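> Single-letter residue listing:
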Amino acid sequence: MKIGVCVKQIYLISGRTGDDPKRQFVCAEDFVQVINPYDLEAVEEALRIRGVLGGEVTLITLGKILNEERLRRCWAMGADELIHIDTENNERTPCCSKADLLARLIRRKQFDLVLCGKKSLDLDGERTAARIAERLSWGHVAGVVKMDIVEDLKGVNVQRALERGDREVIFCRFPAIFSVGPGLNQPRYPTLTKTQWAWKQEIQSVKVQDLDESEFRQCCPREEMLVECSLPKPRPRKTFTPDSGKSAFDRIKQLMSGGEEKEEGNVHQGTPENLGERVVNFLSEKGFITTTLEEI
Amino acid sequence: MYSYFDLLLITVCIGVMLIGFYRRRNLWRIGVEEQRFGDWKAVTRQFIGIDRIMRRRISGLAHVVLSCGFVFFLAIIVIFQTPLSVPVWLSSVLCFLTNSVGFGMLLATSYFVFKFFSAKRTFQNSRNRLLPLILLTLVILSGFFTEGFRLSITEVGFHWKSPLGSILSAALPDSPIIMELTYRVHFYAVLSFIALLPFTSMHHIFSSSLNVYYENGHNPGILKKIILDKEPFGVKTIDEFSWKQLLDIDSCVQCRRCDAVCPATLAGMPFSPAGILENAYMLMTKIRQDDIVTNKTLFPELEEGISKDQIWFCSSCMACAEECPVYVDPLDKIIDMRRNAVLSKAEFPRELQSLYESLEIYGDVFGKGKSKRKELLPSLDVEKAVYNQKYDYILWLGCQASFHERSKGILSALLSILKASGMKIAVLGEHEVCCGDTARRTGNEYLFQQLVETNIESLSNYHFKRLLTVCPHCFNTLKNEYPQFGGSFDVHHYVDVLKDLCSSEELKLRSSSEITVTVQDACYLCRANSIRDEPREILQKIAGVSIVEMPDSTICCGAGGGRMWIHDNCKVRMNDNRAKMVRDTKSNILITLCPYCLVMMEDGMVSIKSKSIVVRDLCEFLEQHLL
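First to last, the sequence lines map onto chains Y and C. Letter by letter, the first sequence follows residues 1 to 296 of my numbering. Letter by letter, the second sequence follows residues 1001 to 1627 of my numbering.
Next up, chain C with everything else stripped away, as it sits in the complex (with noise of 0.2 Å):
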């Protein structure tokens, strides 16, 4: 069936597209070693589309029928090469799959060719992205058309297996030598998309899928711990990176998904996830492949693609992670990137050297030192824990619920709703330090390992069964983050605890006046830890409330990653932003989970001028619908 020369250059065109995959590859191992495991199961979910490439459903079903039309095609073409008998009815069926499934690969590229040509921003390698929808339209059109011709020439009429070749043959003309000129395009069109497949944006075949198989389940609120023994801190040059972040950075097809869920994006900042893995990508594909052969070690600098401040406009919300379809996680980088920028260079925004400062010498964020928290304890009313007792819950407090004016309310309402119910809590007065979160999320790992390392010595001189915190930074990085220093504590943030005592009606709550509430959710808590219905639920214990939703109901406020720190020299802020989305939708009362989201919101309520909302965090909220 084919000639040698057609075989000569199926081969050529295998070959060509396996070298230049091996040479993606090498691009990747000059990154740092790093351990992962491989999950056929995440793969498949994806491909079959019962994962986050359907949020979008349009494309996503695309992308579906795309995909999977591949690998149905791909299975016909090598089945049908063995001389493989089959029984009539089989034939007919395939015949007419092929048929409609190519229909539907048709009307996915058109879609996407579509939306190309639609977008409202540049692309910086159009070629690569538009090249192979052509070629992939092109072989369906041919092979179409093919099949149209054989029908014509052959005269059968319409055929119930064959639906749009027998309406295309209706229009052919009969002539051999055009269908074996379609049919040449056709089988051209096939083997130059398979040899061009590494150099397009269709080599996210292959790094996209490595990239999910190799997921292992990464929590994107977990960072990676790195031992300060010596340099290089964090990431300075391109090879810094482990492997399977120059993979992240590899399988990154630019679909955008992360910006459209970016406070830093929807705000207005010159800041996008996507915008930093282009650049990263940029410079990781200027590297030849001879350097990496003789080992040579100037790899480029991220500094020459990343500005230096492009990396302090992220809160480290982690929304960018949790949207994206194949599992890249932006975040790690940009914090690998301040890592370097704080502990190698000591560059970083003015505002957090105070921090920086407050947090080694006092031990808190505020600056106000452990007396200060000592002082605290008599108008808590709440009982201050002693190394021999055996406590049930001992109450983080958190720099913000200690100092801050405004999150002192949440604390004051949680030791009343807790009173009420009667659990006994205790807390530790002034042998709490911050719990580092803020130092770790600026880059500033050396101050975050000595607060650490200060608060498990603390813990370890209590007995308790549980940790109860008010903020979710703290909760997160207690719970998530302590273990990676040997401190594995039962921790738990105050919505799990208010949940429980609701729903066994320890808790009387009276109704309330008809009122709509809407919620912020807390991007630590409901994408780190996955609590999200909880303060729902709780919210609708109470008679008279009704939840309205966001349409974006979790994006950040803006606060994490320092940036509370930061943010009040900026023009531009995530906060007003998010304000505005409250705004519009009309309800009474913004209840919020986190004294950062509270501060912020307040903020940005009176930022944009708007009286009628009020900002209250749930313990508030439930404290005065207490019976």
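Just chain Y, with the same shape it has in the complex (with noise of 0.2 Å):
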């Protein structure tokens, strides 16, 4: 069984450190270069696959390459090879391009299954795995978080999280894709015997040329542009004004106790003994006497 895993490398912001307000004041060591963890769960989940059904796991990533160290210990988890699609340009690649990249290699390397994370941390995107299913008129279920092989079907049971704790169960045939949601899995900690493998690997490398550019721009027909990416902007901030109804002395107590004074208070009326009762029962409850009726 050949399964294709997506994986994309991400960058992560941990700290805002930079001077420049232009770039949203993150410089160079506020980025951490990571694996999106979704598609470590798809990783982990296509092993498990592979562990059961034999065949082969492929990763496939697109783009420059960010953080060489971290792909490879994601590939020292047990994937057999790795594939780098290379867009060799620094601009960002717009999703629709990416998602017909993918499905052209998926298509070419005849993948029977193929995960990839729900979603990337950095764009919050979601829609790449349901592109390539379109592009490949393939069977796709988003955000799955349990997958059940049906060998004699050649099939799989996917359940995806409902709303308040209900699920639902899916059956797809192969081929399929499927993006992976959170809790799938614990993604394994690679070994050092197979992180040296993964070290000694070559990565194939796959130019955009090699995957048949002329009809790159017909399978693409809407165009999409990144208008524009800003910080949230500041909201308006609220101060608290004591009510203009109150005397001047009100307000000023208001804003300096930071609450207002209830009156609180119960006219009582009904014979001596019942309203004496009361009040020995008012002092009790407060607290100022601890002597109980039955005593006095």
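Read the hints as simulated data drawn from the structure, not as lab findings. As the structure is a computational prediction, the values presented were derived from the model and not from experiment. One should not assume that every hint holds.
Unchecked claim - Taking lysine-lysine and the DSS-like style, the derived pairs with C-alpha atoms no more than 27 Å apart in a straight line are:
1. C:1345 with C:1424
2. Y:64 with Y:109
3. C:1368 with C:1408
4. C:1224 with Y:233
5. C:1225 with Y:200
6. Y:194 with C:1345
7. Y:194 with C:1224
8. C:1384 with C:1424
9. C:1571 with C:1120
10. Y:2 with Y:233
11. C:1224 with C:1236
12. C:1236 with Y:200
13. Y:194 with C:1230
14. C:1372 with C:1390
15. C:1368 with Y:22
16. C:1225 with Y:233
17. C:1372 with Y:22
18. Y:22 with C:1384
19. C:1374 with Y:22
20. Y:2 with C:1345
21. Y:200 with C:1230
22. Y:64 with Y:2
Please dock the two separately framed chains into a single complex, following the hints provided.
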């Protein structure tokens, strides 16, 4: 069984300690390059399926290689090969082109099953898997939290999490692509043996031209362009102002004490015995006296 | 004097003993090569009882009597085989000595036999332990009885040169036959003792002495560096230990003094350092001599005797290594097993995976990142080091002091003390990554070496005289383990600097109200680096403070060896146990010297619901008492 896993290398911002407002106060040290954690869960699931059914696991990554060490460590989890689609440009590739390139490679490699993370933590797009499925006309379920392979039917039962703990189970025949949601499994830690093996391997590099560039434009009818990316705009700060219906004294008191004085009171009526009882109960409730009524 | 049959017996017994020891030696030789040098002084010290063996007075004394007595009698027997003539007074003195030493040895063996039967635990190989003791008692008793019979026959009455013999002679009949019998018993008992030496617990005469001889001033706080070019990583099968480690395993006599100081055993965990050694010993002695000769490569795997979970209870406090009278180090074997588990099999407690990933991606144990280290600096109000300037001190913050909420208190206190004394220090900010101590002690040598490389490269860009650390783990690693990778720095823990400041009166301290304090010694200060008195000297400078020592003052808090991350999910906790010991001192304040101890002891105090004892770091306590 040939399984492909799309892994994305992302930047995470761990702080904002730069000086440049145009770069949103982020400087080089604030970035850490990691493999998208959801993709790591996808790799772990692929390895488990390979353990049950046998076959090969191939990792696919696209774009510039940001941190070769993290990538090879992901490979060292147990995948058999790693293919790198080299886009050779430093501008951001639009999502539909990324999906298109991945779809072409997947079709060429003839995978039975493709897994990827539900979303990437840098852009939160959540669209790539669906677009790939559209290109290839494959079955697709997003946000899978459990996978059960049904061997004889050549398919898989996948579970999705709905709101409030509901689950739905969908049967999907191979070939299919699934985007894997959080909590599917705990990605394994690679052994040193495997890490050293991964460093000795060669990453297969595929150029965009090799994937039939002439059809590229036609497959992407709608062009999407990034217009703007900005920090959250500061919200207007609300200042607390006291009720203008009160006197100046009360307003100042409210500002200083931070609260309002409430008048709490009950006017009781009744016989002197009743009233006495209620007064004693009130005083003992509030803790002013410790004797009870019986003792008096 | 000896018949031919006797001589034959003697030869056979000595031969059996030598072959036995040769076969034992073969067992150690299956291990990996290691360079070790010998030191006779260490052996002599142990022998005559001025070293660790005397930490338990009675057992130590009994053992010294036995070992020196054994040598004494051996010397006498060997010397008097030659036709040597001695003056009468010398022979009388020697006779008196043999009586008294023999009597002392009798007391000692009786004491050990008594201890054997009154021990609370069961021994795995009780025959091996009891048999030589019984034989030795028999040797001494039969010797005395022979002397009694001899004196009874020669009818000298009481003579001072043979007091016990004379006493016995009064009660015994003057029968030459029975004397011959007791003499024969004595002779055969001695021969069987000698022949059985390598097959009983008495083999420690040979193995343990050799172990002490090759001790080489080994510091248990410095772990062995391994080259990670090819498998095996760490130790999976028994022959992957070095020959010295196998000698260690062979030398352990299961005296269990290590168990008495191990924080895990004391807390009631199913772990003991002597237990690990015992299991390894069982595996080692199962190896057949034929397999060694034919160089068979499938030696038993350690997992067959020591379960996977066992090795993760250790908090790498080194108390076992410091206590062992024969200088066995259980820690380095546990670390080697951890290395194999982590590097070759990736089998370790789940809690450590996030620790490793944080270290790999962010460079600190909390997963905060380099930029957060940079963000600390404005609030600390301390200078950041630049490349071209020369500094006297650079302060190495460490992950705990930089990021843990409670430990930040240590840092601010330390900085205000240093400022008050006028010392100029600088910090590295984002150029500091974790020292790597936790990675190494949990067995991830690869990650450790990566971190060390990064740090040495960063530190080589700066010019400084001394590196000052806040955390004893950082201190031990930077001082003792970084030289293995080419980074030699002059590293001090803050307690050194504070002591210098206090004794030179640069720091003015006011007196405090009458309080009692107790000190939780940091493992990596008092054991690997012998820093024990300095905090007490500092505390004594504050008038009004009286120090109460805990009976076991250096028991670990339970945070080392990665257990800070693992211990949350355990039912039995070392810090709770330690907190109970602190509570029993009935002091007001517990002084700690380590950010890990601080957090663990505070948690322990909360857990045992003790509100009266306050936990403070030494810096925080001093800062409160600055003028």
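> Give a verdict on every hint.
Going down the list of hints, with the structure as the test:
1. Between residue 1345 of chain C and residue 1424 of chain C the CA atoms are separated by roughly 47 Å; this puts the pair beyond 27 Å, and the hint is violated.
2. For the proposed pair residue 64 of chain Y and residue 109 of chain Y, the alpha carbon gap of about 21 Å is at most 27 Å, so the pair holds.
3. Our distance criterion of 27 Å between C-alpha atoms is met by residue 1368 of chain C and residue 1408 of chain C, whose separation comes to about 15 Å.
4. About 55 Å separates the Cα atoms of residue 1224 of chain C and residue 233 of chain Y, which puts this hinted pair outside 27 Å; it is violated.
5. For the suggested pair residue 1225 of chain C and residue 200 of chain Y, the alpha carbons sit about 24 Å apart, so the restraint of at most 27 Å is met.
6. Between residue 194 of chain Y and residue 1345 of chain C the CA atoms are separated by roughly 10 Å; this keeps the pair inside 27 Å, and the hint holds.
7. This hinted pair checks out: residue 194 of chain Y and residue 1224 of chain C have alpha carbons roughly 23 Å apart, not beyond 27 Å.
8. As the CA atoms of residue 1384 of chain C and residue 1424 of chain C are separated by approximately 11 Å, the hinted pair is consistent with the 27 Å bound.
9. Taking the CA atoms of residue 1571 of chain C and residue 1120 of chain C, the gap is about 25 Å. The hint holds against a cut of 27 Å.
10. For the hint linking residue 2 of chain Y to residue 233 of chain Y, the alpha-carbon distance of about 47 Å lies beyond 27 Å, and the restraint is violated.
11. The suggested pairing of residue 1224 of chain C with residue 1236 of chain C holds, with an alpha-carbon distance near 16 Å, which does not exceed 27 Å.
12. Pair hint residue 1236 of chain C plus residue 200 of chain Y holds up; C-alpha atoms about 25 Å apart against a cutoff of 27 Å.
13. Using a Cα cut-off of 27 Å, the hinted pair residue 194 of chain Y and residue 1230 of chain C holds, with the two alpha carbons roughly 11 Å apart.
14. Between the alpha carbons of residue 1372 of chain C and residue 1390 of chain C the distance comes to roughly 25 Å, so the proposed pair stays at or under 27 Å and holds.
15. At roughly 24 Å between alpha-carbon atoms, residue 1368 of chain C and residue 22 of chain Y fall within 27 Å of each other, so this suggested pair holds.
16. Of the supplied pair hints, the one linking residue 1225 of chain C and residue 233 of chain Y is violated, its CA atoms being roughly 53 Å apart against a limit of 27 Å.
17. Taking the CA atoms of residue 1372 of chain C and residue 22 of chain Y, the gap is near 21 Å; set against the 27 Å cutoff, the hint holds.
18. Our distance criterion of 27 Å between C-alpha atoms is met by residue 22 of chain Y and residue 1384 of chain C, whose separation comes to about 26 Å.
19. At most 27 Å may separate the alpha-carbon atoms for a hinted pair to count; residue 1374 of chain C and residue 22 of chain Y meet this at roughly 20 Å.
20. Taking the CA atoms of residue 2 of chain Y and residue 1345 of chain C, the gap is about 26 Å. The hint holds against a cut of 27 Å.
21. Restraint check for residue 200 of chain Y and residue 1230 of chain C: the C-alpha separation of about 13 Å stays at or below 27 Å, so the hint holds.
22. Between the alpha carbons of residue 64 of chain Y and residue 2 of chain Y the distance comes to roughly 25 Å, so the proposed pair stays at or under 27 Å and holds.
Hint check: violations occur at hints 1, 4, 10, 16; the rest are consistent with the structure.
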